[in-house]
Amino acid sequence: MTTAARLAARVLAAWVATWMIGWALVELAPASPALTAARAGGRLPPDEAAPAARDRAVAAVARAHRLDGSAPARWARITARAAIGQLPRSWRDDRGAGGAAARHAGATVARALAALVIALAVGVAVPLAVARRRGGAAAVAGAAAVAVAVPTVWLCQLAVAVAPTAALTSACAVAALAIAPAAVVALHVGAALAALDRSPLAIAVAARGASRRRWHAVHALALIAPRVAPLAASTVGFTLAAGAVVERALALPGAGRTLVAAAAAGDAPVVLTLAAAAAALVALVGGLTARVAARPGAEAA
Amino acid sequence: MTRRLALAWLALVAFAALAAELLASDRAIVARTDAGLTWRPAARGDALRARLGPDGWAVWPPIAADPIAVRTDGGLVILAAPSARHRLGTDDRGRDVAARLIHGARTSAALGAGAAGLATLLGLGLALAIGLGPGRLRAPALAVCDAIASAPALLVTLVAAALVGHRGLIALAALIAVPRGADTARLVAAQLTAELAAPYVVAARGLGASPARVLVRHALPAVWPALAIAAALTAATAVLSEAALSFLGLGPPPPTPSWGELLAQATQHDLRWWLSVPAGLAATLTAAALFALALAPPRASR
Chain P
0 MTTAARLAAR VLAAWVATWM IGWALVELAP ASPALTAARA GGRLPPDEAA PAARDRAVAA
60 VARAHRLDGS APARWARITA RAAIGQLPRS WRDDRGAGGA AARHAGATVA RALAALVIAL
120 AVGVAVPLAV ARRRGGAAAV AGAAAVAVAV PTVWLCQLAV AVAPTAALTS ACAVAALAIA
180 PAAVVALHVG AALAALDRSP LAIAVAARGA SRRRWHAVHA LALIAPRVAP LAASTVGFTL
240 AAGAVVERAL ALPGAGRTLV AAAAAGDAPV VLTLAAAAAA LVALVGGLTA RVAARPGAEA
300 A
Chain G
0 MTRRLALAWL ALVAFAALAA ELLASDRAIV ARTDAGLTWR PAARGDALRA RLGPDGWAVW
60 PPIAADPIAV RTDGGLVILA APSARHRLGT DDRGRDVAAR LIHGARTSAA LGAGAAGLAT
120 LLGLGLALAI GLGPGRLRAP ALAVCDAIAS APALLVTLVA AALVGHRGLI ALAALIAVPR
180 GADTARLVAA QLTAELAAPY VVAARGLGAS PARVLVRHAL PAVWPALAIA AALTAATAVL
240 SEAALSFLGL GPPPPTPSWG ELLAQATQHD LRWWLSVPAG LAATLTAAAL FALALAPPRA
300 SR
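Each protein sequence line maps, in turn, to chains P and G. The first sequence: position 148 = 147 (numbering that gives the first Met the number 0), numbered continuously. The second sequence: position 170 = 169 (numbering that gives the first Met the number 0), numbered continuously.
With the rest of the complex left out, here is chain P (with noise of 0.2 Å):
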């Protein structure tokens, strides 16, 4: 098999999984599919309606989704339609749910994207710029830990608190996106220095004439980025999850927000078309990195 295939394989099992797992949570909640899709397409007749009234609008709704059948039946036809890219339609408003889930999707993954690259770039400058300080490492390793620590949503409130200006609205949100990320890579780099720093290669490099600075740059950074390239999935699959926290607190358009929208209003189709997609992504992401940690040298990293 081919890197290429092996590296769709891995996405379409993201992709499926999802589906298969999600679809199962739709039909263990407590209302069925058909009576969420009728409460989420708001089609349900009044309280004070007869039963029978409900019955018949949840039973049309059943048949205009094909939410029919048993539980199994409807859980297997709607993971394998999903397999091949035939999604179901949204139940608010009937409209494919890949459209509805496409519609701003670029601006959340451009800004996860941004966010990928800072906390990147962020966690590996610090720690290789405080190596040669005294007590460097215990400073950024304390202040990653509260980085780490801060709800993202308070993060943007001090943001817009500290730059009120709409210009700065989406710089900030790829800030409060990226500082979480950029810690945890601090943490792991430095504790990857650290190691090296004690290494007898490093001992040798020194021997060898090497400055410290440039056995940190040259030397101990090749060792190190295999270590880092895994940590690239779970950056995007944070900062993907935590853009519908960023985009509803900085008023910001995106994925997020749609997600949120369709969670509150019950609307599975677009959830799920959301939920596995961002997974597909973090399985195409992690599949690449994966490639950067496998390769020769790793190990000794």
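Since the hints were made in silico from the structure, they are not lab data. Fair warning: there could be bad hints in the mix.
To be verified - Not everything, but these chain G residues come out facing chain P in the computed CB check (under 7 Å):
| # | residue |
| --- | --- |
| 1 | Leu154 |
| 2 | Val158 |
| 3 | Tyr199 |
| 4 | Ala242 |
| 5 | Leu247 |
| 6 | Ala286 |
| 7 | Leu294 |
Where a beta carbon is used, it is the ideal one built from N, C-alpha and C, also for glycine.
Based on the hints, put chain G in the right spot on chain P.
This is chain G only, laid out in the frame that chain P set:
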């Protein structure tokens, strides 16, 4: 030093959670009325004051306000800035923010402890099944754990909360515990497998120790530190997830007081600092204390 500070803060949060009713409530702790000495009398606020009589007295909680019910006592004051009467102001329904902050500690502590307990049980069970089960099933089981653990906890919780529809604390704790339990299983299974192959365990087996004795006396004590670290990380994740889910309207149902709900109110009402700063600081310090405990270098032991 860091470990002591973290433990001190967590002890404070635990105390606030356990003694919330005695710290913030409009029910007196003890009162002497015409009927005699009463512990936690049923009458609240002004109703009790009216019954006290000339010789009566009552010991009130430091914050004599109910975190849930709105008692106007002659005037409803919403979003009031901190004052002598409401030390951290009031929220958008006129409830005392300090009282809701203290009772929010109970929500966060219950969610953190519940999620950590469930994830630990799930992780330990899975790790034992992986470590002691057939060798050919080990790799696929670890791959499944890897896949579940790599899913972003917040996204999993958000999606599952939306799909299942339950918003109780137990359901939220279970939703947070599943991906964290898989991560715990991955960590513990690796350590358990290494311990079971360690020379001292092989020697114990050679001396005739039963598999159960090897597990209980040798392997399990070696994995407790990994379990404790994973539990601290799970509890921190639960505190942060609660803040995010409450902000998105998918947290514990109203009128449950929680730190995330105060943060959500702050966003809705022009970032009033008395809604945002205390709740944000409380969540940050609690999560930071748990992270600090998890990341602290292990103490020398056996």
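- Item | Hinted contact Val158 of chain G with chain P - closest CB pair below 7 Å | 4 Å, holds
- Message: A closest beta-carbon separation below 7 Å is what the hint needs, so does Leu294 of chain G meet it against chain P?
- Response: 6 Å, holds
- Item | Evaluation of the interface hint that places Ala242 of chain G against chain P, nearest CB under 7 Å | 4 Å, holds
- Task: Return the status of the interface hint for Tyr199 of chain G: holds when the least beta-carbon distance to chain P is below 7 Å, violated otherwise.
- Result: Violated: closest Cβ of chain P sits about 26 Å from Tyr199 of chain G, beyond 7 Å.
- Any CB of chain P closer than 7 Å to the CB of Ala286 of chain G? With a minimum Cβ separation of about 4 Å from chain P (threshold 7 Å), the hint on Ala286 of chain G holds.
- Per-residue hint verdict: Leu154 of chain G, partner chain P, C-beta under 7 Å: 4 Å, holds
- Leu247 of chain G as chain P interface residue, shortest Cβ-Cβ below 7 Å: 5 Å, holds
Hint 3 alone, counting from the list given before, is not met by this structure.
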